[in-house]
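Turn these sequences into a full structure, and let the hints steer you where they fit.
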Amino acid sequence: MKINHARITGLWFAAAAVVLLLSIGVAVSFGAKAFSLAVVWGSVFAYDPELTAHQIMHEYRLPRVLGAAVTGMAFAAAGALMQGVTRNPLADTGILGVNAGAAFVVALCFAFLPGISYWELILMSFAGAAISTLLIVLLGTATQGGLHSIRLTIAGAVIAAILHSFSSGIAIYYELSQDLAFWYAGGVAGVKWEHLKLLAPIVLIVIAGASAMGRSISFLSLGDETAASLGVHTKTVKVLGMTAAVMLAGSSVAVAGSIGFVGLVVPHIARRIVGVDYRMLIPFSALLGGTLLIWADYASRMVNPPREFAIGAMVALVGVPFFLYLARQERREL
Amino acid sequence: MASVEQKRTAKAIVVAIVLLAAAAAVVIVSLNTGTIRLSTEAIWRTLLGGGTADEKLILFEYRLPRIVVTVLAGIGLGISGAVLQGVSRNSLADPGILGIHAGAALGLIVYVSFFRNMEGPAALLIPLFTFAGGILIAVLIFMLAFDRFKGLIPIRLLLVGIAVEAGVSAFTLFLSLRLDEDTYAFAARWLAGSVWGREWVNVLALLPWIALFVPLIYMRSRSLDLFALGDETAMGVGSPVGRSRLLLTIFAVALACASVSMAGGIGFIGLIAPHIARRLAGPQHRHFLPIAGLIGLVILVVADTVGRSLFQPNAIPAGVVVAAIGGPYFLYLLLQSKPNSRRNR
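Read top to bottom, the protein sequences are chains S and U.
Taking UniProt numbering, the leading residue of the first sequence gets 1, the next gets one more, and so forth.
Taking UniProt numbering, the leading residue of the second sequence gets 1, the next gets one more, and so forth.
Think of the hints as simulated: they come from the structure by calculation, not from any bench.
Predicted, not measured: the structure shown is a model, and the values here were computed from it.
For each residue, glycine too, the CB sits at the ideal point set by N, CA and C.
Heads up, incomplete: computed chain S residues facing chain U, CB under 8 angstroms, no partners named:
#, residue
1, 161
2, 310
3, 313
4, 317
This is the structure:
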């Protein structure tokens with residue numbers, strides 16, 4: 001029985017990975033201009049800078065699709081971590097204001113430090129995410145019901161609203177080059193190879209590390225006392241888990257802006273498929289999240305080409321009904 | 001008993017006079033700010049019929065309409081928030097947080113897709129469309145937050161409102177993108193809360209709504225007082241609870257939608273104004289409703305003036321300025337409120 005279960009999970013992982021790769025393939029081939037598979041293959045393995053098709057592929061299409069994949073993985077894994085650590089099924093870095101904190105600092109950097117290197121931008125974005133997370137945790141300790149209360153979800157949403165409104169204020173005031181919608185709902189159109197070179201290793205390493213912690217996070221979901229009696233250092237795990245989520249969200253926001261609801265929806269679907277073991281849940285969420293954002297990005301550039309639609313708004317169109325459904329299920333505090 | 005009543009009335013009148021003076025002062029200051037400075041004398045002179053052609057142009061065609069829109073929208077939002085807090089018996093209710101603004105934005109975009117432009121006499125119809133959008137979303141939110149056994153659950157109302165707001169805003173941006181680039185930019189700015197009504201036709205579109213619904217609401221201030229006692233008690237003293245509540249909610253949504261249709265999606269005023277008003281004028285609605293309107297007025301005019309003047313030559317939306325003050329205040333109130341204290345909180 002046990003072996004059988006493990007094998008099924010393994011099959012699911014293989015299937016999710018294949019779907020992710022296929023999605024990448026489809027998303028790079030089709031767009032405002034469709035390319036044959038031969039061109040796609042050629043631009044990756046036999047890049048010829050003389051060919052326009054190869055250039056488009058190499059400079060725009062590939063980085064943006066890979067960017068969507070990596071940020072999707074990051075946001076989904078961060079959401080799974082937040083849900084595990086706060087024991088709040090409505091937790092998500094977008095809803096709780098972590099993304100908004102990072103986006104606010106990124107907007108500040110664009111306005112006041114225009115010459116900032118990409119590496120520094122990521123660090124600043126971390127700092128923004130960390131500050132807003134700290135704020136939320138402090139609010140959580142000040143509230144009755146603690147971190148897993150609906151009250152905290154609302155507090156986070158309001159912090160997110162305030163920071164969003166500041167970011168768009170800065171964007172309007174300084175007439176930042178990015179489209180206003182970028183600050184409102186993110187976008188991966190501007191992803192470059194040099195972004196990916198930094199972002200991908202961070203995201204993959206943090207996800208691997210978080211998955212390795214999965215056992216302790218699963219115990220946390222049994223409640224603090226039970227987890228402690230099973231030998232889990234609850235404080236350490238919580239701090240580490242939050243830090244990992246902050247790193248994932250922070251580094252992704254620096255590239256793609258604040259994209260919400262990925263981290264909310266994906267872990268819930270993943271939980272239905274692979275169960276509540278966070279060792280499996282975190283990497284599986286990452287695979288699904290990458291796929292989701294690739295398709296969201298694909299849809300956002302296909303609805304009205306050649307113009308683009310904010311990817312975060314695209315995700316929200318799916319994510320909000322899902323959130324409402326969960327909120328309706330959620331009766332603990334009601 | 002009578003003396004308490006008289007004291008309260010006297011206090012409310014004093015507060016109202018002080019606020020009227022403050023409102024007049026901020027309006028004058030606001031008239032005075034802008035890229036071209038006019039002296040206070042010049043403003044008075046122009047208002048009383050004198051002044052040069054240039055001064056007249058600036059004052060009557062550029063500044064005054066915008067300020068009148070801000071004044072009316074501030075009153076509308078303040079009173080609308082007070083009524084929503086009353087009918088839902090939820091001290092954290094605000095038309096912006098509950099997603100009504102997002103519904104209004106949806107109505108606005110539908111309007112734009114019909115008429116293709118936002119100027120001229122057709123602008124008079126805008127509030128109708130935003131009202132339709134707002135009512136639609138209000139119905140949706142109330143349905144989602146309603147529990148068959150427990151009635152309307154305050155905390156769930158907030159949660160659902162926030163989520164619906166995110167979803168409907170996304171949908172609005174989606175629709176506006178399908179139209180054209182300018183509309184898209186307009187919708188994004190609108191959602192950030194930038195006062196865009198700058199012409200007399202905008203004033204004309206907004207004024208009837210305020211002039212109609214504020215008195216209608218005021219006439220029912222007694223019912224609002226009774227809601228605070230709980231449904232059973234209110235019914236016991238002979239108040240038709242269901243009908244009053246429905247009517248008042250519709251009035252409040254109408255006020256909010258008309259206001260934001262001309263002023264942009266400005267949140268938190270409907271939250272703060274009633275709270276301050278209650279502290280100043282006591283718990284009776286017939287005292288604090290007008291005060292809430294005046295406070296909304298002062299806040300919005302100040303926010304718009306600050307947004308326009310402090311950050312010249314560009315302007316930041318008034319909604320951003322209000323959120324900077326209103327957001328933290330909301331968090332403070334949220335943490336103050338105790339969970340599970342009573343069912344009918």
